[in-house]
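J.: Now for the letters of each chain:
There are 2 protein chains.
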Amino acid sequence: MDERVREHADVLVDWSARVDPGDHVVVSVAEDAHDLGVAVAEALGERGAAVTTLYGSEEMTRAYLKGSEAATENARDEDGLDDPDSAAPGFPDPAVDRALFEAADVYLRLGGGRNTAATADVGRRTRRAYARTRQGVREARMDTDWVSTVHPTRSLAQQAGMAYGEYRDFVYDAVLRDWEALAGEMAEMKRVLDSGEEVRLRTEREDAPDTDVTMSIAGRTAVNSAASVAYDSHNLPSGEVFTAPYDAEGEVFFDVPMTIDATRVRNVRLVFEAGEVVEFAADSGEEALESVLETDPGARRLGELGIGMNRGIDRFTDSILFDEKMGDTVHLAVGRAYDACLPDGECGNESAVHVDMISDVSANSRLEIDGEVVQRNGTFRWEDGFEA
Amino acid sequence: MDERVREHADVLVDWSARVDPGDHVVVSVAEDAHDLGVAVAEALGERGAAVTTLYGSEEMTRAYLKGSEAATENARDEDGLDDPDSAAPGFPDPAVDRALFEAADVYLRLGGGRNTAATADVGRRTRRAYARTRQGVREARMDTDWVSTVHPTRSLAQQAGMAYGEYRDFVYDAVLRDWEALAGEMAEMKRVLDSGEEVRLRTEREDAPDTDVTMSIAGRTAVNSAASVAYDSHNLPSGEVFTAPYDAEGEVFFDVPMTIDATRVRNVRLVFEAGEVVEFAADSGEEALESVLETDPGARRLGELGIGMNRGIDRFTDSILFDEKMGDTVHLAVGRAYDACLPDGECGNESAVHVDMISDVSANSRLEIDGEVVQRNGTFRWEDGFEA
Numbered sequence: 001m002d003e004r005v006r007e008h009a010d011v012l013v014d015w016s017a018r019v020d021p022g023d024h025v026v027v028s029v030a031e032d033a034h035d036l037g038v039a040v041a042e043a044l045g046e047r048g049a050a051v052t053t054l055y056g057s058e059e060m061t062r063a064y065l066k067g068s069e070a071a072t073e074n075a076r077d078e079d080g081l082d083d084p085d086s087a088a089p090g091f092p093d094p095a096v097d098r099a100l101f102e103a104a105d106v107y108l109r110l111g112g113g114r115n116t117a118a119t120a121d122v123g124r125r126t127r128r129a130y131a132r133t134r135q136g137v138r139e140a141r142m143d144t145d146w147v148s149t150v151h152p153t154r155s156l157a158q159q160a161g162m163a164y165g166e167y168r169d170f171v172y173d174a175v176l177r178d179w180e181a182l183a184g185e186m187a188e189m190k191r192v193l194d195s196g197e198e199v200r201l202r203t204e205r206e207d208a209p210d211t212d213v214t215m216s217i218a219g220r221t222a223v224n225s226a227a228s229v230a231y232d233s234h235n236l237p238s239g240e241v242f243t244a245p246y247d248a249e250g251e252v253f254f255d256v257p258m259t260i261d262a263t264r265v266r267n268v269r270l271v272f273e274a275g276e277v278v279e280f281a282a283d284s285g286e287e288a289l290e291s292v293l294e295t296d297p298g299a300r301r302l303g304e305l306g307i308g309m310n311r312g313i314d315r316f317t318d319s320i321l322f323d324e325k326m327g328d329t330v331h332l333a334v335g336r337a338y339d340a341c342l343p344d345g346e347c348g349n350e351s352a353v354h355v356d357m358i359s360d361v362s363a364n365s366r367l368e369i370d371g372e373v374v375q376r377n378g379t380f381r382w383e384d385g386f387e388a
Numbered sequence: 001m002d003e004r005v006r007e008h009a010d011v012l013v014d015w016s017a018r019v020d021p022g023d024h025v026v027v028s029v030a031e032d033a034h035d036l037g038v039a040v041a042e043a044l045g046e047r048g049a050a051v052t053t054l055y056g057s058e059e060m061t062r063a064y065l066k067g068s069e070a071a072t073e074n075a076r077d078e079d080g081l082d083d084p085d086s087a088a089p090g091f092p093d094p095a096v097d098r099a100l101f102e103a104a105d106v107y108l109r110l111g112g113g114r115n116t117a118a119t120a121d122v123g124r125r126t127r128r129a130y131a132r133t134r135q136g137v138r139e140a141r142m143d144t145d146w147v148s149t150v151h152p153t154r155s156l157a158q159q160a161g162m163a164y165g166e167y168r169d170f171v172y173d174a175v176l177r178d179w180e181a182l183a184g185e186m187a188e189m190k191r192v193l194d195s196g197e198e199v200r201l202r203t204e205r206e207d208a209p210d211t212d213v214t215m216s217i218a219g220r221t222a223v224n225s226a227a228s229v230a231y232d233s234h235n236l237p238s239g240e241v242f243t244a245p246y247d248a249e250g251e252v253f254f255d256v257p258m259t260i261d262a263t264r265v266r267n268v269r270l271v272f273e274a275g276e277v278v279e280f281a282a283d284s285g286e287e288a289l290e291s292v293l294e295t296d297p298g299a300r301r302l303g304e305l306g307i308g309m310n311r312g313i314d315r316f317t318d319s320i321l322f323d324e325k326m327g328d329t330v331h332l333a334v335g336r337a338y339d340a341c342l343p344d345g346e347c348g349n350e351s352a353v354h355v356d357m358i359s360d361v362s363a364n365s366r367l368e369i370d371g372e373v374v375q376r377n378g379t380f381r382w383e384d385g386f387e388a
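In order, the protein sequences belong to chains G and P. Counting with full-length UniProt numbering, you get residues 1 to 388 for the letters of the first sequence. Counting with full-length UniProt numbering, you get residues 1 to 388 for the letters of the second sequence.
Hint data in this document are derived by calculation from the structure and do not stem from the laboratory. In this text, a Cβ means the ideal position worked out from N, Cα and C, and glycines have one as well. Check before you lean on any hint, since a few could be wrong.
Derived CB-CB ranges, DEER-like [as the list claims (entries may be wrong)]:
| # | chain 1 | residue 1 | chain 2 | residue 2 | range |
| --- | --- | --- | --- | --- | --- |
| 1 | G | Gly184 | P | Gly136 | 15 to 23 Å |
| 2 | P | Ala120 | G | Leu176 | 28 to 36 Å |
| 3 | G | Leu176 | P | Gly275 | 38 to 46 Å |
| 4 | P | Asp344 | G | Arg132 | 37 to 45 Å |
| 5 | P | Met1 | G | Ser362 | 43 to 51 Å |
| 6 | P | Asp344 | G | Ala131 | 42 to 50 Å |
Only some residues are given here: those of chain P computed to face chain G with a beta carbon under 7 Å [unchecked claim]:
| # | residue |
| --- | --- |
| 7 | Asp20 |
| 8 | His24 |
| 9 | Val29 |
| 10 | Glu46 |
| 11 | Leu54 |
| 12 | Ala63 |
| 13 | Gly67 |
| 14 | Ala71 |
| 15 | Ala75 |
| 16 | Pro92 |
| 17 | Pro94 |
| 18 | Thr214 |
| 19 | Ala274 |
Construct the complete structure from the given sequences, taking the supplied hints into account.
T.: Structure representation (structure tokens):
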């Protein structure tokens, strides 16, 4: 086994999840994440934790959803109904999944399937109905010390347009970092966001629509996402600072391609009025975008503003886990806000979805907080070469 | 996908587990059982059940146990203790696993790993300590409508000494049967056992030690193991009739090889007095046998007497799931008795283990119940060619 797999497991268990003896840890292993699963199991045995192992197979999820669709289709044919809305399957209450996450202290998601398009042919209505049924499971999962990471697989290498060995190097360069040092660098950005009230992001390019959007962050707390639950950070790798904005006004153009529900989505443009998306467009995959926005009322409002600060990630690989952390990027998410950004007891934006969209801010861009420029053309004001 | 994989899934879900709409089903998928997992997920979607998927990886279990052993070893070195018993790891209470099985209606175990010796280097003391910790999980699992089956893998084909295609045919011939018809044939054997009080098994061969053992079955109820929870039968394939004997006296020779804790065990001989094993031997693997018998007091008493009646299984493949169902065999298990064989409210033999051992009774054998011969040389008294 590549020694880096063990190092990855150790970073995940110790730095990221802070596993203690006696902790109840649920590990979800994707189809091709077996080797990382083995290394994580060994580390958890060494730490004296209890382990429950889930199989995170997208092919099984797809089969289950297609089976549900087929049964619903048959029932509709028998009823002679032709209302298309009756075709959304009903799903039983996921009581077992909820019970297991409620009993867990820690959840480790080891991504790395065999096909990033494994669920491409599942209908959007089915996805939405399934996501709604599982909202309670998601909430129980997010109440644990959860961390999401990926094992480098051939499927993810292909998605990134990279050779397998090259992709493994990319992943381990991003994961096996000096997280304590990076956390220190990001603390500066958190201080700026925590004391700010209004954020304005502007980009002006000849080849793309302009971005000019303002949003309120007053009263919200930024997360220094240093890849550890000790920092309320739940991704490995990480390297972003994010908060929960509201009352967005203006328009945003997202030039970094992404994949939503196995559909490639490019060049998204959103227009916000009074905090809500009132207009949207995409050069491709617009239907997938529309489906997200229609999930529930919260899906049309912002849940996150994130500033990518991990300069160890040096290219887009069509994986949100890496892309949104890359230095010289800013991202916004529609949907659910993270509780860590909210004052105690206050509810932020609620939704069954959380979908991130990214803008490259390496050129022709300004990020202003309360009228002061904090980042111009990718350079922060505390860095060499910054021009106000 | 081989169409037989889908047929296997349908038999498992409908005939074996009797899954109803709204049932909460836990599916455990072994490392190479993915294709069967996909087919089962689709069937469960069609039936309107909820699904939770576990990863049944023996390599992860081995890694976890080795990690625990290493930590215990280190702690012992630091304490300067040299009592070898202190080297048995302590395991946290498996609260998550218990919670999930307590919330489940049905448990489907899809076996089929990558290496039947995957846990070969885990110490026996560790195995025993782990099994004891998990007794509550096992009990919660057995309170569900559970069914255990296997997907044919290259590893199991190798264990059986068969080519992969040949082994697939073997498995599907055993699994895809007319279970309703076989259940009718087995009902006769159940009637004989239910009305009987004492069983005597005798074999006399020139090349092997004799068997002559008697055991009581008075008050016990035999299970017509027709591969369905509707018959209190939890294996697919099945095809045996079994009960819970007690007060065994005499000696038994088991000539069918088996694998205990990844150790090959051959030619086991057990001597019983007043229901307990008082003497044991094996031509190979005797230590693995000893380890089983020392697990707890119940591990030295019988938990099962089973009569193999599935003549669709035509050879031994070193897999208890198939071997014990083969026609012309009788097996006994030390350890835990199944509740289905016991009068309501009565406790049978309790143990953390249940290990089956098989005798070929195709020649030079007699099975007597209350002094009457029921099977001689593999032929039952209701079959052509029977000689009393």
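J.: Give a verdict on every hint.
T.: Hints, one by one, checked against the model:
| no. | hint | in the structure |
| --- | --- | --- |
| 1 | G:Gly184 - P:Gly136: 15 to 23 Å | violated, 46 Å |
| 2 | P:Ala120 - G:Leu176: 28 to 36 Å | holds, 32 Å |
| 3 | G:Leu176 - P:Gly275: 38 to 46 Å | violated, 59 Å |
| 4 | P:Asp344 - G:Arg132: 37 to 45 Å | holds, 43 Å |
| 5 | P:Met1 - G:Ser362: 43 to 51 Å | holds, 46 Å |
| 6 | P:Asp344 - G:Ala131: 42 to 50 Å | holds, 45 Å |
| 7 | Asp20 | violated, 10 Å |
| 8 | His24 | holds, 5 Å |
| 9 | Val29 | holds, 5 Å |
| 10 | Glu46 | holds, 4 Å |
| 11 | Leu54 | holds, 6 Å |
| 12 | Ala63 | holds, 4 Å |
| 13 | Gly67 | holds, 3 Å |
| 14 | Ala71 | holds, 5 Å |
| 15 | Ala75 | violated, 9 Å |
| 16 | Pro92 | holds, 4 Å |
| 17 | Pro94 | holds, 5 Å |
| 18 | Thr214 | violated, 44 Å |
| 19 | Ala274 | violated, 39 Å |
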